[in-house]
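Chains as they are written, first to last, in numbering that gives the first Met the number 0: chain A, 0 to 246; chain B, 0 to 246.
Check the hints yourself; a few may be wrong.
Each pair may be met inside one copy or between any two copies, as identical chains are not told apart.
[As the list claims (entries may be wrong)] Calculated cross-link-like contacts (lysine-lysine; reagent style DSS-like; alpha-carbon spacing at most 25 Å):
#1 137 / 212
#2 105 / 24
#3 126 / 245
#4 189 / 212
#5 24 / 154
#6 22 / 126
#7 22 / 154
#8 245 / 22
#9 212 / 154
#10 137 / 105
#11 137 / 126
#12 105 / 189
Keep in mind the hints are simulated off the structure, nothing from the lab.
2 protein chains.
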Amino acid sequence: MTDHPLTAAVLLIGDEILSGRTKDKNLGFIADYLTALGIDLREARLVPDVQEEIVTAVNALRARYTYVFTTGGIGPTHDDITADAMGAAFGVPVDHDPEAVEILLKWFREIGREPNEARMRMARVPKGAVLIDNPVSKAPGFQIGNVFVMAGVPKIMNAMMDSLAPRLSRGVVMQSRTVEFNAGEGDIAKPLGEIQAQYPMVVIGSYPFQSAKGFAANIVLRSRDEAALEEAFTAVTALAERLAPKG
Amino acid sequence: MTDHPLTAAVLLIGDEILSGRTKDKNLGFIADYLTALGIDLREARLVPDVQEEIVTAVNALRARYTYVFTTGGIGPTHDDITADAMGAAFGVPVDHDPEAVEILLKWFREIGREPNEARMRMARVPKGAVLIDNPVSKAPGFQIGNVFVMAGVPKIMNAMMDSLAPRLSRGVVMQSRTVEFNAGEGDIAKPLGEIQAQYPMVVIGSYPFQSAKGFAANIVLRSRDEAALEEAFTAVTALAERLAPKG
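Turn these sequences into a full structure, and let the hints guide you.
Shown next, in the form of structure tokens:
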């Protein structure tokens, strides 16, 4: 547990998300995961399978946030260039890691696959990297500096998050309360803005939707200061009752 | 139709996606939409409801790509700061737009809502902006320069894309072919890499999955050069047949 704010960014790597062919499911998973650990996700970027783009993005993000989590591009095919991009970003060579080689050779023996050159590419990591265990399909991810490099396939990525989580510092978990309003945002806005001004330690967001009864909104309050959160929650709840349709 | 490559970036704005509370659905929709128009989505970013972050991101993206599409932050509440952020990014004042005021006043009359200060904030746009029609809930989006500013609610955003689409140039649509392999990526990688090297005008991606029969992968070929695409597709199809399990 630390008193400093722990921050993070996500870097999604892959042409298939940019083309629309694959719909990303990793960002939301990582966002939930980090929120539960008290780590603030502050930014995300999506870049194509182009080394220069990956290098620029990861260097911008790792300088700015406590942690960076990347997904995609660590398989055996020609379009899997994330390991080389991370080597270029950190200015270190990329080579076969003895521990990763051992894991893969054992796995290929078990499943009766030939450990050819392409498959063994998955054991290549930048110098100084520490492996991230992959209980699903064995080929490991890796951590270099404050950057965690994971697979793009959601099932594998999710398992890798569990593997690396013990290495992360944990912050005070952000608490949240939600108040549903049966009123339009336009009626909520002014008094809600006044409550926000009164409780600067609470971040208040307004998310409108259409209910069967008409305009509605979820007002979400988030804070690490529990006392302030409860006071603001009481004020917002009273406002919701005041604005509710009479009858 | 233009011979120059048309490029685009998406900027998602909103704390609720970063916290994991809301799972983004807009990126995939815009990606599919642009692909169908022959416009290449090259990058996406997600930033919080913080003016400085929005300004930095939109200025980086609008300088680099033909178009930028933003979602989120154009409602009536205190956390809706996108119009002001765009004004700051373009260095222009933000004020009530007469056309937007008229649209909103008419709408509020029709639905019997009071046109209060908060609601009329939704008529504020940066100087020089052109409105984007919102057939769902009337409050318009706007275009300033090459930046299209849309709502975050998917139903509204989708309708705004239809409204603004006639303003976009169209490129040669990227064609794609998919070949399913009943083989592991590790066996596909080397010969596939050779086909990729032979057809540089075709972007070949490999997306592994587990089928009932074991390891499998979808190989996706994308190109604007139809002849090259067909040749590469023939070569990849032959490879899939060669690698298919015998029996």
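Each hint, compared with the structure:
For a Cα distance limit of 25 Å, the shortest separation of residue 137 from residue 212 across copies, 19 Å, qualifies, whereas the shortest one inside one copy, 52 Å, does not. In this assembly of identical chains, the alpha carbons of residue 105 and residue 24 never lie at most 25 Å apart, being 31 Å within a copy and 40 Å across copies at closest. Taking the shortest alpha-carbon separations for residue 126 and residue 245, neither the intra-copy value of 67 Å nor the inter-copy value of 41 Å comes in at or below 25 Å. When the C-alpha separation of residue 189 and residue 212 is checked against a cutoff of 25 Å, the pair qualifies only within one copy, where the shortest distance is 22 Å, while the shortest distance between copies is 60 Å.
Proximity of residue 24 to residue 154 under the C-alpha cut-off of 25 Å is found in both arrangements, the shortest distances being 10 Å within a copy and 20 Å between copies. Taking the closest pair of Cα atoms, residue 22 and residue 126 never come within 25 Å of each other, the shortest separation being 33 Å inside a single copy and 36 Å across copies. Taking CA atoms no more than 25 Å apart as the test, residue 22 paired with residue 154 passes in both settings, with 14 Å inside one copy and 17 Å between copies. In this assembly of identical chains, residue 245 and residue 22 lie within 25 Å of each other by CA distance neither inside one copy nor across copies; the values are 43 Å within and 33 Å between.
Proximity of residue 212 and residue 154 under a CA criterion of 25 Å is satisfied inter-copy only: 18 Å between copies versus 39 Å inside one chain copy. Only within a single protomer do residue 137 and residue 105 lie at most 25 Å apart by alpha-carbon distance; the minimum there is 10 Å, versus 61 Å between protomers. Taking the closest pair of Cα atoms, residue 137 and residue 126 come within 25 Å of each other only inside a single copy of the chain (20 Å); across copies the shortest separation is 56 Å, beyond that limit. Taking CA atoms no more than 25 Å apart as the test, residue 105 paired with residue 189 passes between copies only; the shortest distance there is 22 Å, against 64 Å inside one copy.
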